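Asker: Given the coordinates of chain A, work out where chain B should sit on it, guided by the hints.
Protein chains: 2
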Amino acid sequence: MNKKDSSVEDTLCGRPIERVLEETTNFHGFPAPGVVIGAVMVDLAREQIGPGIEADAIVETLRCLPDAVQLFTACTLGNGWMRVLDWDRFALTLYDRATRRGCRVWLDAAKTAAHPAIHDWFLKRVPKDALPLETLLGKILEARRTVLSCRSVIISDFLRRPKKEAVAICPGCGEAFDPRAGDCCKGCLHGKYFKMDGA
Amino acid sequence: MNKKDSSVEDTLCGRPIERVLEETTNFHGFPAPGVVIGAVMVDLAREQIGPGIEADAIVETLRCLPDAVQLFTACTLGNGWMRVLDWDRFALTLYDRATRRGCRVWLDAAKTAAHPAIHDWFLKRVPKDALPLETLLGKILEARRTVLSCRSVIISDFLRRPKKEAVAICPGCGEAFDPRAGDCCKGCLHGKYFKMDGA
Numbered sequence: 004m005n006k007k008d009s010s011v012e013d014t015l016c017g018r019p020i021e022r023v024l025e026e027t028t029n030f031h032g033f034p035a036p037g038v039v040i041g042a043v044m045v046d047l048a049r050e051q052i053g054p055g056i057e058a059d060a061i062v063e064t065l066r067c068l069p070d071a072v073q074l075f076t077a078c079t080l081g082n083g084w085m086r087v088l089d090w091d092r093f094a095l096t097l098y099d100r101a102t103r104r105g106c107r108v109w110l111d112a113a114k115t116a117a118h119p120a121i122h123d124w125f126l127k128r129v130p131k132d133a134l135p136l137e138t139l140l141g142k143i144l145e146a147r148r149t150v151l152s153c154r155s156v157i158i159s160d161f162l163r164r165p166k167k168e169a170v171a172i173c174p175g176c177g178e179a180f181d182p183r184a185g186d187c188c189k190g191c192l193h194g195k196y197f198k199m200d201g202a
Numbered sequence: 004m005n006k007k008d009s010s011v012e013d014t015l016c017g018r019p020i021e022r023v024l025e026e027t028t029n030f031h032g033f034p035a036p037g038v039v040i041g042a043v044m045v046d047l048a049r050e051q052i053g054p055g056i057e058a059d060a061i062v063e064t065l066r067c068l069p070d071a072v073q074l075f076t077a078c079t080l081g082n083g084w085m086r087v088l089d090w091d092r093f094a095l096t097l098y099d100r101a102t103r104r105g106c107r108v109w110l111d112a113a114k115t116a117a118h119p120a121i122h123d124w125f126l127k128r129v130p131k132d133a134l135p136l137e138t139l140l141g142k143i144l145e146a147r148r149t150v151l152s153c154r155s156v157i158i159s160d161f162l163r164r165p166k167k168e169a170v171a172i173c174p175g176c177g178e179a180f181d182p183r184a185g186d187c188c189k190g191c192l193h194g195k196y197f198k199m200d201g202a
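Those protein sequence lines, which keep their order, are chains A and B.
Under our numbering, the first residue of the first sequence carries the number 4, and numbering increases by one thereafter.
Under our numbering, the first residue of the second sequence carries the number 4, and numbering increases by one thereafter.
None of these hints come from the bench; they were simulated from the model.
Keep in mind it's a predicted model, so treat the numbers as computed, not measured.
Do not take every clue at face value.
Here are some of the chain B residues that sit facing chain A, going by a computed Cβ distance under 7 Å [stated by the list, open to error]:
(1) Ala112
(2) Lys114
(3) Leu126
(4) Val129
(5) Val156
(6) Tyr196
So these bits of chain B aren't anywhere near chain A, every CB distance computed over 10 Å [stated by the list, open to error]:
(7) Asp13
(8) Arg18
(9) Ala35
(10) Val38
(11) Arg49
(12) Ala117
(13) Glu145
(14) Arg148
(15) Thr149
(16) Pro174
(17) Gly194
For every residue, glycine included, the Cβ atom is placed at its ideal position computed from N, Cα and C.
Pulled out of the complex, with its shape left as it was, chain A reads as follows (with noise of 0.2 Å):
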């Protein structure tokens, strides 16, 4: 991965590059690429909102993403300070819980296109087997920031979830739930997805 000794760029998000794999191996089953980029883009965004800022987190996608953000930050799903829109686009935004400012981070297909393998993986060029995981993380890790794109950005839309306040027992499944959903908690309101086995 021709890795330099001991240079600065030997750390991500705090740590050795090589706990930065481990971490994402025992997380997400592998050192997938997009949580190893992820991880930059995470490095990115903390150092462009300044040390010492309590951040929440806004991931645009489902894939990889939340969990480079959820491993090298604070912010998880159930903590609540992840959230987390299924748009299908491969960008994060940390900000600042008391001012709302922050910044965005992309990954920028148009910069990726000097970066053949990140290009190829990123915009599905390839089949997944005519790219070795090897050689595309080196890659990656050459790369780092130069594929990322930035902005700072005020948050306009909080999208942060309600705290609970009072709770109801369902007349549909007698189950817990929060009456602010309305009569009947969202699961009997929206079907179930499984049937009961041998019932």
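Answerer: The following block gives chain B in isolation, referenced to the frame of chain A:
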């Protein structure tokens, strides 16, 4: 927390309780009661579907539970094995990817009635300050599966995200997107959650 020395009850999801609490704190920010009871739920569902099964997960709330699934199974949001429904029901299903058979587990409000601290927390009957975290965690680790219900289910609505197939460049923002969304990306379609800073 009234733990018994080296009893089988001192493990959860294949690790000592201390490690469950430590991993929860590292990932989620603190040993949240919702993540800890989530670990008990994962443990029960996992046992019900049996060993050696590659399981996908469906979670029915954004609160806490997705973090338990991400920490204590191989399923994460970013690797696509965990799907999350914003239904505000404290329930999860683990199911065999191949057969779609699985187990749905939920925190059962009726069963929590026998455990006042858990009942009050779950149904939000008392303010947070009135229930010290340490006390609540102790009660959860005492009660464990006695406050849960579970059912064998067959997944009828698959819910898995479609595989990335083609990538196009959005004429609106110039970013890469999935052309199945339409002529432009969902970000341009739905409107921004941010405005440019200084623009």
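Asker: Does each hint hold? Answer for all of them.
Answerer: Evaluation of the provided hints:
1. Ala112: The hint holds - alanine 112 of chain B has a Cβ within 7 Å of chain A, the shortest such distance being about 5 Å.
2. Lys114: violated, 11 Å
3. Leu126: holds, 5 Å
4. Val129: violated, 12 Å
5. Val156: At 4 Å from the nearest chain A Cβ, valine 156 of chain B passes the 7 Å test, so the hint holds.
6. Tyr196: Given a least distance of 4 Å, the restraint on tyrosine 196 of chain B holds.
7. Asp13: holds, 23 Å
8. Arg18: holds, 13 Å
9. Ala35: Not fine: 7 Å to the nearest Cβ puts alanine 35 of chain B too close to chain A.
10. Val38: Answer for valine 38 of chain B: violated, closest chain A Cβ roughly 7 Å.
11. Arg49: Correct as stated: the minimum Cβ-Cβ distance to chain A is 17 Å, above 10 Å.
12. Ala117: holds, 15 Å
13. Glu145: The claim stands: glutamate 145 of chain B keeps its Cβ more than 10 Å from every Cβ of chain A (closest is about 20 Å).
14. Arg148: holds, 17 Å
15. Thr149: holds, 17 Å
16. Pro174: holds, 13 Å
17. Gly194: violated, 8 Å
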